[in-house]
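Student: The numbering of the sequence shown is numbering that gives the first Met the number 0, which starts it at 0 and goes up by one.
Don't take each hint at face value.
Stated by the list, open to error - Derived DSSO-like pairs: lysine-lysine, alpha-carbon spacing no greater than 30 Å straight-line:
hint, residue 1, residue 2
1, 9, 88
2, 69, 54
3, 113, 9
4, 71, 48
5, 48, 113
6, 98, 113
7, 54, 88
8, 98, 48
9, 98, 71
10, 98, 88
11, 9, 54
12, 71, 9
13, 54, 71
14, 69, 9
15, 54, 113
16, 9, 98
17, 69, 48
18, 9, 48
Calculated from the structure, these hints are not laboratory results.
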Amino acid sequence: MSGNTVYLLKPTTFMNRSGDTVLHWLRQSNATPDEVLVITDDIALPFGKVRIRPKGSSGGHNGLGDIELKIKSQDYPRMRMGVGSDFPKGQQAEYVLGKFSEADLQGMDDLLSKASDACLCFCSRGLAVTMNQFNT
């Protein structure tokens, strides 16, 4: 994979319309879903945890659900970054769109470093190696 061009896509749509961006990119680049690494937050994981999977359900995540709907598949790699679940029932949107706590901000550098290292590993060494190295 060394020497290949890597593209970083950041949808400018609402999260629950992320599938439009992914589908557009797949069509424009003639890429396949297994060449894409979708990165998302995950309230089901503790803050700082990173989980990488080759495929799977949306797990209730609206962005992943829209991607699945638009590309008609659950078979694409995804990296979920834990943001924790320290919010009152029904306040998920406010929580993930709000400001991070001081404690979370102190751990942010480690989380972002781990996530960026996982992305580089995915691009240079592939999904299996990345999962073995970062799903601890």
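Student: Taking only the CA atoms, is the gap from residue 69 to residue 54 under or equal to 30 Å?
Tutor: holds (15 Å)
Student: Given the hint that residue 48 pairs with residue 113, does the C-alpha gap stay at or below 30 Å?
Tutor: It holds: about 9 Å lies between the C-alpha atoms, which stays within 30 Å.
Student: Hint check: residue 54 vs residue 113, CA-CA at most 30 Å. Holds or violated?
Tutor: Within the cut-off at roughly 20 Å; holds.
Student: Does residue 88 sit within 30 Å of residue 54, going by the straight-line distance between their CA atoms?
Tutor: holds (28 Å)
Student: CA of residue 54 to CA of residue 71, is that 30 Å or under?
Tutor: holds (13 Å)
Student: Does residue 48 lie within 30 Å of residue 69 when you go C-alpha to C-alpha?
Tutor: holds (28 Å)
Student: Do the alpha carbons of residue 9 and residue 48 lie within 30 Å of each other, as the hint requires?
Tutor: holds (21 Å)
Student: Please work out if residue 9 and residue 88 have their alpha carbons no farther apart than 30 Å.
Tutor: This hinted pair holds, its Cα atoms lying about 29 Å apart.
Student: Under the criterion that the straight-line Cα-Cα distance not exceed 30 Å, is the pair residue 69, residue 9 satisfied?
Tutor: holds (17 Å)
Student: Quickly compare the C-alpha distance for residue 98 and residue 113 to 30 Å and report which way the hint goes.
Tutor: Given that 30 Å is the threshold and the Cα spacing comes to 21 Å, the pair holds.
Student: Within 30 Å, alpha carbon to alpha carbon, are residue 71 and residue 9?
Tutor: holds (20 Å)
Student: So if I understand the rule, the pair passes when the alpha-carbon distance is 30 Å or less; does residue 71 with residue 48 pass?
Tutor: Given pair residue 71, residue 48 holds - Cα atoms ~28 Å apart, limit 30 Å.
The structure does not agree with numbered hint 9 stated previously, though it agrees with all others.
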